[in-house]
Amino acid sequence: MAEIRLENVHKAFGDFVAVREANLTIAQGQFFVLLGPSGCGKTTTLRMIAGLEIPTSGRILLAGEDVTNRRAADRDIAFVFQLFALYPHMNVRRNLTFPLVSQGVPRAEVRTRVAEVARLLRIEHLLELPVSGLTGGDRQRVALGRAIIRRPKAFLMDEPLGALDAEFRELMCEELRLLHDRIGATTVYVTHDQVEAMAMADVIAVMNQGEVLQAGPPTEVYNRPATLFVADFIGSPAMNLLPAMGPLAPGSDHARVNGAEIPIPRLRDGLAHEEGVLGARPEHITLSDTGPLRGRVFGVEYTGVRQIVVVDTQAGRVRVRSPNTVQVSAGETVGLEFSKEALVLFDRRSERALRSESIHGAGRG
Amino acid sequence: MSAASTRSVLEPSPWGQRFAALLVILYALITMIPLVWIGLTGLKTPPDAIAYPPKVVFDPSLEGYVNLFTARSRQTPEYMASLPPPTSWYDELVRKRNMVITGPSRFAERYMNSIIIGFGSTFLAVFLGTIAAYGFSRFKVPLKDDLLFFILSTRMMPPIAVAVPIFLMYRALGLSDTHLGMIILYTMVNVSLAVWLLKGFIDEIPMEYEEAALVDGYSRMQAFWKVVLPQAKTGIAATAIFCLIFAWNEYAFALLLTSGNAQTAPPFIPIIIGEGGLDWPAVAAGTTLFLLPIVFFTVLLRQHLLRGITFGAVRK
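Those protein sequence lines, which keep their order, are chains D and P.
Here my numbering is used: position 44 in the first sequence is 136, and no number is missing along the way.
Here my numbering is used: position 305 in the second sequence is 419, and no number is missing along the way.
Some hints could be false.
[Stated by the list, open to error] Label-pair restraints from in silico Cβ distances:
1. D:GLU267 to P:THR145: 55 to 61 Å
2. P:LEU149 to D:ILE146: 24 to 30 Å
3. P:MET283 to D:PRO198: 53 to 59 Å
4. P:VAL276 to D:ILE146: 42 to 48 Å
Keep in mind that the hints were calculated from the coordinates and are not lab data.
The C-beta atom is built at its ideal place from N, Cα and C for all residues, glycine as well.
The task is simple: from the sequences and hints, build the whole structure.
What follows is the structure, given as structure tokens:
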């Protein structure tokens with residue numbers, strides 16, 4: 093088990109920059125999730141850690157050692173592929189033992205390790221079967237087993253749940269997290285699914301267009317998005333982003349949205365120009381007749397205990413998560429009240445969040 | 115849902131299936147007739163073989179096979195009468211025609227040449243083809259497309275079109291009428307086919323398997339041997355059969371470049387001379403035996419072949 097550190101890691105394929113100057117530290121034993129839309133560079137980052145791609149520049153450190161140019165075989169890292177990549181010409185047992193054979197582990201040891209891993213993953217009954225007939229879930233377990241059995245320095249997983257159906261994915265999510273807690277291995281997990289990321293991660297790093305935008309615990313990434321992209325990408329429905337008028341001096345505690353004054357946490361940074369954006373999570377807005385921003389109800393989506401009320405305001409469409417005891421119907425005019433402490437103000441031009449005084453580590457950058 | 119829709123729309127109707135079966139049977143019959151005729155001719159006596167109208171029902175005889183494997187000479191009746199009684203069934207068969215066996219014919223030798231050259235060149239072409247295809251499939255090769263096109267273009271004209279330069283080159287290099295020369299020649303012709311076929315197969319093997327092997331602690335070479343090759347088996351088998359069939363059946367170069375030493379069976383069989391011209395039963399017997407290795411090899415690899423010939427169009 094080891095710490096993984098990326099220092100200014102850059103990867104370009106010809107003119108295309110896949111990863112731009114990434115700096116990440118993945119602590120020992122952490123469950124670290126790289127989250128982003130497809131093509132954002134998260135898989136390339138993972139492959140560079142594994143040694144399947146060599147960075148154009150920058151350094152990768154594994155347990156303090158520079159492994160930037162070391163062969164994948166010599167890094168002692170396990171990789172779980174999206175489509176599992178179980179060797180089709182071998183049965184389950186041989187798939188599990190394949191990485192041990194390359195290390196020259198003695199036979200008796202191999203046998204005990206297989207038994208151990210099979211018990212842990214509940215695949216004892218599959219050991220002698222060919223991998224071709226296995227269900228998605230069982231393949232997933234065998235792929236994990238092949239990674240675990242080596243006791244590597246770190247686990248890298250590239251959307252390992254992507255090929256499973258929704259119901260099973262949830263189950264595997266839980267299992268993966270339990271497994272991680274049990275063996276305490278440093279894990280880097282790539283996904284485009286924010287729900288998966290939220291459910292499993294100790295730390296989430298959000299990437300877009302080759303750049304790491306924010307890295308932090310799920311609550312921080314959710315509550316204090318560092319950029320407009322993060323605000324928009326995380327949460328379902330996404331954060332409401334309303335145009336706010338600048339300029340604002342440092343120390344301001346109000347944002348002007350379409351003429352309405354909305355109290356916000358006192359700003360440490362100022363906004364030098366006119367274009368600001370007020371970010372508010374749907375659950376941080378309540379329907380109230382006295383609310384400063386008013387709009388017409390466009391529709392209501394029921395989601396069980398909660399409902400999403402969609403309100404058209406002068407400043408744009410706003411989604412409000414409210415208990416379903418609140419009765420509203422389409423066409424009604426309602427007021428919107430914002431919970432002050434949960435609001436985030438962004439600079440439209442730099443796309444970054446403005447830091448506020450009350451919250452210290454309001455994201456990176 | 116109506117009762118009629120018990121079968122999938124993709125499945126042909128029962129009448130369609132019967133019609134297809136009829137066509138297949140008809141085709142099989144048409145292609146089998148010459149083979150059956152050769153097989154039968156090999157079991158006829160020389161007079162029966164050239165009888166007109168052709169004999170379909172006849173007394174089978176092994177004379178063709180005996181003639182194929184032996185050299186014989188005609189003797190006077192007096193000499194024949196002076197001989198001790200025949201020691202074997204084939205002696206007896208030959209003496210009925212007033213002949214004695216003077217020794218073995220060169221057929222076995224020619225047959226062996228065919229095996230050495232056919233299988234040798236097949237092995238070499240498939241081996242070179244596999245590593246070249248792997249390189250083209252996995253690595254950034256400068257001018258990759260041009261090189262691949264060049265390799266393919268070596269097949270665009272019939273190989274015999276360059277027979278004269280090859281004949282002269284081989285004579286100068288001392289490769290004429292040698293096994294090595296023929297192996298190199300057939301390998302050269304087959305390797306382009308092997309590269310293209312195998313590249314298709316290797317392209318279909320996802321890179322993830324090798325990458326998995328790499329992170330599992332194996333070198334690229336080991337990953338190739340342990341992970342790629344076993345999965346390319348089907349393609350390799352199919353390619354090997356195609357290469358073998360070409361090398362085995364090749365006639366023109368064999369006729370031109372070989373004579374006493376490295377001559378293969380194809381130029382030898384049709385010129386087996388008997389009494390008064392070609393010995394048809396011996397020719398037919400030689401042809402029958404000549405067909406067997408390909409049949410055997412194909413049957414041996416048939417489970418790979420069926421999937422191989424469809425070019426792995428559907429995986430899993």
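Practice task
Check each numbered hint against the structure and report the violated ones by number, ascending.
Solution key: Of the numbered hints, just 2 does not hold.
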